[in-house]
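Next come the chains, spelled out residue by residue.
Protein chains: 2
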Amino acid sequence: MTELDTRIGELAAGARRAAQALRGAPGAARNKALARMADRLRTHRDAIARANALDLDAAIAAGLPAPKIDRLRLTDRVLEDLIAGLSQVAALPDPIGAVEELRTLDNGLKVGRMRIPLGVIGMIFESRPNVTVEASALTLKSGNAILLRGGSEAFHSNTCLADLFRDALAEAGLPPDAIQQVPTTDRAAIIAMCHLDEHIDVLIPRGGEGLIRFVSQHARMPVLKHDKGVCHLYVDDPADLDMARRIAVNAKAQRPGVCNALETLLVHQGVADAFLPRVARDLADAGVVLRGCPETCARIPEASPATDADWAAEYLDLILAVRVVRDMDDAMDHIARWGSRHTEAIVTTDHARAMRFLDLVDASLVLVNASTRFNDGFQLGLGAEIGISTSKIHAFGPMGLRELTTTKFVALGDGHIRT
Amino acid sequence: MTELDTRIGELAAGARRAAQALRGAPGAARNKALARMADRLRTHRDAIARANALDLDAAIAAGLPAPKIDRLRLTDRVLEDLIAGLSQVAALPDPIGAVEELRTLDNGLKVGRMRIPLGVIGMIFESRPNVTVEASALTLKSGNAILLRGGSEAFHSNTCLADLFRDALAEAGLPPDAIQQVPTTDRAAIIAMCHLDEHIDVLIPRGGEGLIRFVSQHARMPVLKHDKGVCHLYVDDPADLDMARRIAVNAKAQRPGVCNALETLLVHQGVADAFLPRVARDLADAGVVLRGCPETCARIPEASPATDADWAAEYLDLILAVRVVRDMDDAMDHIARWGSRHTEAIVTTDHARAMRFLDLVDASLVLVNASTRFNDGFQLGLGAEIGISTSKIHAFGPMGLRELTTTKFVALGDGHIRT
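The listed protein sequences derive, respectively, from chains A and B.
Quick note on my numbering: the first sequence kicks off at 1 and runs consecutively.
Quick note on my numbering: the second sequence kicks off at 1 and runs consecutively.
I should point out that these hints are in silico values taken from the structure, not numbers from a laboratory.
Just so you know, even glycine gets a beta-carbon here, dropped at the ideal spot from N, CA and C.
Please note: incorrect hints may appear among the correct ones.
FRET-style restraints, in silico, Cβ to Cβ [as the list claims (entries may be wrong)]:
(1) E10(A) - R45(B): 19 to 27 Å
(2) G270(B) - G173(A): 27 to 35 Å
(3) E209(A) - G208(B): 31 to 39 Å
(4) T43(A) - D330(B): 38 to 46 Å
(5) A13(B) - E198(A): 33 to 41 Å
(6) A309(A) - M1(B): 18 to 26 Å
(7) E198(A) - R326(B): 25 to 33 Å
(8) A35(B) - G173(A): 54 to 62 Å
(9) G381(A) - R77(B): 47 to 55 Å
(10) H351(A) - A53(B): 55 to 63 Å
(11) D39(A) - D330(B): 33 to 41 Å
(12) A170(A) - A309(B): 54 to 62 Å
(13) G381(A) - V289(B): 52 to 60 Å
(14) M1(B) - R337(A): 20 to 28 Å
Just so you have them, the derived chain B footprint on chain A, three or more residues with Cβ under 8 Å [claimed, not checked]:
(15) 8 to 16
(16) 26 to 34
(17) 96 to 108
(18) 214 to 220
(19) 354 to 363
(20) 384 to 393
Here are some chain A residues the structure puts well away from chain B; computed CB gaps all over 10 Å [claimed, not checked]:
(21) M1
(22) T2
(23) R42
(24) A66
(25) A91
(26) S127
(27) D163
(28) D167
(29) G208
(30) D240
(31) R278
(32) E302
(33) I319
(34) D414
(35) R418
Could you build all of it, start to finish, from the sequences and the hints given here?
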């Protein structure tokens with residue numbers, strides 16, 4: 001047990017006590033705290049800018065690539081969005097306390113399930129300081145305490161934001177320890193968190209594959225993974241090929257750097273001749289480079305040959321792997337072998353096949369005639385999102401407020417005993 | 001990678017393939033397999049009895065205590081119950097394929113959640129061979145494959161039952177690898193299972209604290225713990241004291257060796273004089289020995305003094321710890337400190353306090369005016385149970401068929417792209 005372990009243990013024990021205190025706090029108190037958090041962001045822009053500048057200077061000095069530096073930057077526009085987000089979260093219905101499925105059993109015992117917070121969330125993330133705001137808002141709204149461990153690049157920004165939020169909690173009469181930031185970016189702090197199953201109920205890692213694997217291997221509590229997306233679009237025969245082209249270009253090129261972007265296009269052999277040259281032109285216009293199977297390359301001279309590494313790749317870039325398949329079963333076999341259970345889509349006009357694809361494909365979101373880019377809590381109507389789970393347990397897909405809760409059973413009797 | 005690791009890895013990969021094949025199998029095929037499984041138990045009594053005799057002989061030779069030997073025994077009565085259980089599970093509604101909360105978003109995209117199997121369940125359990133039958137039935141009904149690793153005491157019985165079920169699956173046209181028994185009781189097999197997160201979606205350990213801790217520490221996938229129950233009954237002031245006595249005796253003595261049995265009785269100081277001597281007599285009549293706080297011992301001369309070890313104890317025996325508390329908050333503090341989040345009950349006539357206890361107590365089942373013994377899937381109306389989860393993630397409390405499933409999002413569009 002190192003000194004660091006002890007420190008993290010104390011933070012987590014404080015989070016546990018805060019979570020216990022939050023159980024008695026009504027939704028109005030949690031909403032009041034969210035309003036105070038928004039106030040702090042409004043009135044402490046200078047302090048936030050100073051902390052952010054420290055991170056930006058360090059990032060520039062370290063020679064981080066420009067897109068990474070951009071993601072660190074807390075501009076006025078980013079702050080306005082975060083403030084608006086806090087108000088939106090406050091306005092969502094309170095997920096806590098509802099009793100679902102209450103019914104009276106034959107013996108007269110009334111049994112239901114009451115929605116309750118998970119308790120203490122451990123959030124381990126890289127890069128963007130926005131996560132401190134968004135994750136704090138969602139966990140507080142759902143009655144949970146949060147222990148945040150952000151990446152070293154945003155350390156000063158994260159610390160400043162968490163400190164402001166702790167003041168806001170105190171002002172709203174809630175325990176400040178409901179939002180805590182681990183005061184070091186030492187990687188040993190992650191291991192310490194992974195071992196504190198007594199105080200932390202669930203870990204949510206967000207970041208690269210390495211981070212997620214590291215957390216999964218060390219954690220003694222459940223982990224809700226936000227893992228990579230190797231997403232496919234299968235174009236069936238028959239399909240509306242104009243629709244298929246629009247969806248392919250949108251899924252690949254609208255925002256290539258995110259987990260729900262398209263990585264592999266699968267095309268039924270029956271429409272390959274009609275579809276491939278035209279979609280290749282559209283994709284080229286959007287700046288997309290193609291890597292294809294031999295049948296693809298025969299139809300698209302610009303495509304370079306794909307290898308197994310391409311079928312497994314999450315490019316997060318303007319590159320697309322393309323393969324001609326025999327039929328839908330061949331496409332589903334490809335998806336089962338190479339997919340990451342994230343987002344899978346079919347374009348078809350055949351109803352029975354659309355239903356079969358929906359039933360059989362194993363992914364957190366399966367779409368018919370729509371872009372993979374819809375795998376997002378806001379787009380699917382959850383109102384907010386703390387991540388997209390690729391774990392199947394507890395939550396599979398975008399995680400909103402409900403996914404930060406669980407249910408306990410409640411039973412109302414009149415002297416009931418078991419016979 | 002040892003030879004054992006490779007063998008377990010092959011079993012798990014087979015389970016993964018079987019789970020994939022099960023996705024296409026309709027509910028009727030799964031029900032047919034359940035009927036064939038029941039047939040095998042009926043028609044192979046001799047083979048089962050021979051395998052069971054090997055386990056019983058070994059248990060007697062090893063000098064196992066009589067209650068443990070009894071739990072191993074597959075009598076005609078036990079087999080009849082298991083056969084009836086298989087029919088009951090077959091008769092439950094199919095949990096797979098239903099689309100919940102399907103709605104049309106503003107942009108016309110239809111979004112819902114489809115209930116799907118978890119995939120591959122790893123079940124690690126001790127002692128009773130019944131678990132092989134009950135767990136196989138529930139996982140198959142819910143479309144999952146199962147990898148069973150039972151205890152050494154029941155090895156021959158478990159192997160015989162699993163082999164019969166594999167034949168039944170084949171006869172019903174389903175993949176036999178959907179039910180597999182690990183062919184060794186080497187503890188290293190548990191570690192091997194814990195590392196196979198590629199093929200096993202969730203581990204369910206059932207057994208002693210040591211086993212559960214061991215699995216939680218090594219598992220790289222989510223674990224649904226079935227942990228110990230340090231269950232409390234709090235008798236409020238005012239309360240119907242006759243009701244409180246009946247509930248206390250039932251909760252403690254009706255079946256003391258199970259996780260939902262009462263372990264600590266908390267009594268409001270205002271009713272201590274009226275309640276304690278009388279409940280002590282009832283409990284003594286039921287053979288229960290008491291360990292009390294000083295205020296309890298002052299009122300019940302037969303009680304011996306309790307120490308902190310008693311407040312933490314899961315006796316699983318005819319022993320009860322008793323403490324007089326100042327008020328309900330004092331009782332809830334005691335429960336928060338010493339409870340195991342399993343089952344907590346209050347006896348009260350005060351409505352507001354009943355509601356407050358329900359809201360604030362953190363346990364998988366919270367009861368008002370009813371015995372802790374109701375924390376059981378059958379008693380709470382789930383129709384079946386694979387265990388009682390004390391993990392809060394995914395399931396908290398008795399786990400029935402629904403808890404062996406998850407949902408994926410489905411989206412039905414008409415060329416929808418993101419703008």
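A quick look at each hint next to the structure:
1. E10(A) - R45(B): 19 to 27 Å: The hint (19 to 27 Å, Cβ to Cβ) is violated, given that E10(A) and R45(B) are roughly 60 Å apart.
2. G270(B) - G173(A): 27 to 35 Å: holds, 31 Å
3. E209(A) - G208(B): 31 to 39 Å: holds, 36 Å
4. T43(A) - D330(B): 38 to 46 Å: holds, 42 Å
5. A13(B) - E198(A): 33 to 41 Å: holds, 35 Å
6. A309(A) - M1(B): 18 to 26 Å: Since the Cβ atoms of A309(A) and M1(B) sit about 24 Å apart, the hinted range of 18 to 26 Å holds.
7. E198(A) - R326(B): 25 to 33 Å: 27 Å Cβ-Cβ, so the 25 to 33 Å window holds.
8. A35(B) - G173(A): 54 to 62 Å: Once the Cβ atoms are compared, 60 Å apart, the range 54 to 62 Å for G173(A) and A35(B) holds.
9. G381(A) - R77(B): 47 to 55 Å: Check passed, 52 Å falls within 47 to 55 Å.
10. H351(A) - A53(B): 55 to 63 Å: Hint holds: Cβ distance 57 Å, inside 55 to 63 Å.
11. D39(A) - D330(B): 33 to 41 Å: holds, 38 Å
12. A170(A) - A309(B): 54 to 62 Å: violated, 38 Å
13. G381(A) - V289(B): 52 to 60 Å: holds, 58 Å
14. M1(B) - R337(A): 20 to 28 Å: Between M1(B) and R337(A), where Cβ atoms are some 22 Å apart, the hint holds.
15. 8 to 16: With 0 residues in contact (Cβ-Cβ under 8 Å with chain B), the coverage given for the stretch 8 to 16 of chain A is violated.
16. 26 to 34: That given contact is violated, which follows from only 0 residues of the stretch 26 to 34 of chain A lying within Cβ reach (below 8 Å) of chain B.
17. 96 to 108: holds (count 3)
18. 214 to 220: holds (count 3)
19. 354 to 363: holds (count 6)
20. 384 to 393: Answer holds; 3 residues pass the 8 Å Cβ test.
21. M1: holds, 16 Å
22. T2: Consistent with the label, T2(A) stays out of reach of chain B, its closest Cβ about 19 Å off (over 10 Å).
23. R42: Holds, because the least Cβ-Cβ distance between R42(A) and chain B comes to about 30 Å, which exceeds 10 Å.
24. A66: Non-interface label stands for A66(A): nearest chain B Cβ at 25 Å, farther than 10 Å.
25. A91: Given a closest Cβ separation of 17 Å, the condition holds.
26. S127: holds, 23 Å
27. D163: At about 29 Å from chain B, D163(A) clears the 10 Å cut-off, so the statement holds.
28. D167: holds, 27 Å
29. G208: holds, 18 Å
30. D240: Given that some Cβ of chain B is not farther than 10 Å from that of D240(A), nearest at about 7 Å, it is violated.
31. R278: With a cut-off of 10 Å, R278(A) remains clear of chain B, as the shortest Cβ separation is near 16 Å.
32. E302: The claim holds: E302(A) sits with its nearest Cβ about 24 Å from chain B, beyond 10 Å.
33. I319: The claim holds: I319(A) sits with its nearest Cβ about 20 Å from chain B, beyond 10 Å.
34. D414: Violated: least Cβ distance 6 Å, not greater than 10 Å.
35. R418: violated, 4 Å
Against the hints set out earlier in the document, violations occur for numbers 1, 12, 15, 16, 30, 34, 35.
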